[in-house]
Amino acid sequence: MDARHKLIDIAAFLDRVERAEGDADFRLKAFRDAMKCLDDSGNDRAHDVLMAFSDPTQEPIAVAHSKGACGAWPGEGE
Amino acid sequence: MRFIEPHAHMVSRTTDDYADMATAGCVALCEPAFWAGFDRGSADGFRDYFRQLTEVEPRRAANYGIKHFTWLCINPKESEDMALAADVLSVIPEFMECPNVLGIGEIGLNKNSRNEIKVLQQHVDLAAANDQMVLVHTPHLEDKHKGTRLILDVLKYDSRINPERVMIDHVEEHTIGMVLDAGHWGGMTLYPESKCSPARAIDMIERFGSDRLWWDAACDWGPSVPLAVPRTACEMRRRGHDESLIEKVIFENPKAFLSQSDRFQL
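Here the protein sequences come in this chain order: D and Z.
Each residue of the first sequence is one higher than the last, beginning at 55 in the numbering used here.
Each residue of the second sequence is one higher than the last, beginning at 25 in the numbering used here.
What the hints contain is simulated information worked out from the structure, not anything from laboratory work.
Heads up, the beta-carbon is just placed ideally off N, CA and C, and yes, glycines get one too.
Mixed in with the good hints, there may be bad ones.
As the list claims (entries may be wrong) - Beta-carbon label-pair distances, calculated as ranges:
| hint | chain 1 | residue 1 | chain 2 | residue 2 | range |
| --- | --- | --- | --- | --- | --- |
| 1 | D | Val117 | Z | Gly246 | 19 to 27 Å |
| 2 | D | Lys83 | Z | Met106 | 34 to 42 Å |
| 3 | D | Cys91 | Z | Gly207 | 42 to 50 Å |
| 4 | Z | Met106 | D | Gly125 | 23 to 31 Å |
As the list claims (entries may be wrong) - With the C-beta cut set under 10 Å, the calculated list includes, among others, these residues of chain Z facing chain D:
| hint | residue |
| --- | --- |
| 5 | Thr199 |
| 6 | Arg224 |
| 7 | Asp227 |
As the list claims (entries may be wrong) - Listed below are several chain Z residues computed to face chain D (Cβ distance under 7 Å; list not exhaustive):
| hint | residue |
| --- | --- |
| 8 | Gln76 |
| 9 | Lys101 |
| 10 | Glu104 |
| 11 | Arg138 |
| 12 | Asp167 |
| 13 | Glu197 |
| 14 | His265 |
| 15 | Ser268 |
Let the sequences and hints guide you as you build the complete structure.
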């Protein structure tokens, strides 16, 4: 029941996004990409979803211009 | 049930929270220095905060029979300001001999910047030079995996650091393996929205074993639950795990790690 409840919440969220106006946030693409991990076999789905949202680069950034994280990596130069 | 809450920011919590934690079986808690939700303007602001951590909170906790311990640092969220960080690092030794100070923490990274790494290295040097244990904060959300790897590199580079005396907190499924492989301890933070849910925390115990791992609430001024550890213990019991394993995760493991400091006495 708990997983069913969460799945319906995600479905409703995506419906809400479709109804909204304006350009898509970059996090929506990351979210859709991460959802593809749910169809994988094996038992690393949680790991793979987390990695889909993660900054894949290796080097430190030059300067921290903000303090907060937003949930998904915006890409180089963002 | 008895438990140790190894990460709680009680300066942000009410006295009722102390009462509830004591009622649920909390015998000791550890309060690492952290970001107040705003940038402090000077090292004197930190000096007052460190007095709160070493004088005021132990008294509040003692009213409920809870032992209070602490860790000192400037949090990575304020580490971009190198001058402020240098001033605060010079204040920390004033408090290092206080009876409830366990070590340096929670240090680490936030946005994985060059200045944050420099300040992290300075904290690690301070800990190594004074034979202090280390408590590490790993970054949030999209920054966590990269930041955890960078932190492990800094720790590995300093040969004076014994990995078994370093706790890397806020691990999740994509970072727990690299932390344990490096010989450190790992903490799972039980938050209602970010970090780790009770179900996932139990999953990780089932998958990675129970050695060198603890759970914490990291309760502060944001969405967080001071009773997250005992509630997760109840969920673990509901899954059918032995009482001895539950006791190991919520009491024996934190006791084993923290007892590496002579000051940690229950």
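Structure-based check of all given hints:
Taking the beta carbon of each, Val117 (chain D) and Gly246 (chain Z) are about 25 Å apart, inside 19 to 27 Å as hinted. At about 36 Å, the CB distance of Lys83 (chain D) to Met106 (chain Z) agrees with the hint of 34 to 42 Å. In this structure, Cys91 (chain D) and Gly207 (chain Z) break the distance hint of 42 to 50 Å, their C-beta atoms being roughly 29 Å apart. For Met106 (chain Z) paired with Gly125 (chain D), a C-beta distance near 28 Å keeps the hint of 23 to 31 Å intact.
For the restraint placing Thr199 (chain Z) at the interface with chain D, the shortest Cβ-Cβ distance is roughly 8 Å, inside the 10 Å limit, so the hint holds. With its C-beta approaching chain D no nearer than about 7 Å, Arg224 (chain Z) sits inside the 10 Å limit, and its interface hint holds. This hint holds: Asp227 (chain Z) has a C-beta 8 Å from the nearest C-beta of chain D, less than the 10 Å allowed. At about 22 Å, the closest approach between the beta carbon of Gln76 (chain Z) and any beta carbon in chain D exceeds 7 Å, and the interface hint on this residue is violated.
For Lys101 (chain Z), the interface hint holds, since its Cβ comes within 7 Å of a Cβ in chain D; the closest pair sits about 5 Å apart. Nearest Cβ of chain D to the Cβ of Glu104 (chain Z): about 5 Å, under the 7 Å cut. The hint holds. Residue-level restraint check for Arg138 (chain Z) holds (minimum Cβ-Cβ distance to chain D is 5 Å; threshold 7 Å). Below 7 Å, beta-carbon pairs count as interface contacts, and Asp167 (chain Z) has one with chain D at about 5 Å; its hint therefore holds.
The closest approach between the C-beta of Glu197 (chain Z) and any C-beta of chain D is roughly 4 Å, which is under the 7 Å cut-off, so the hint is satisfied. A hinted interface residue such as His265 (chain Z) counts as satisfied when its beta carbon comes closer than 7 Å to some beta carbon of chain D; here the least separation is about 19 Å, so the hint is violated. Violation of the interface hint for Ser268 (chain Z) is found here, the shortest Cβ-Cβ separation to chain D being roughly 26 Å, above the 7 Å cut-off.
The earlier numbered hints that this structure contradicts are 3, 8, 14, 15.
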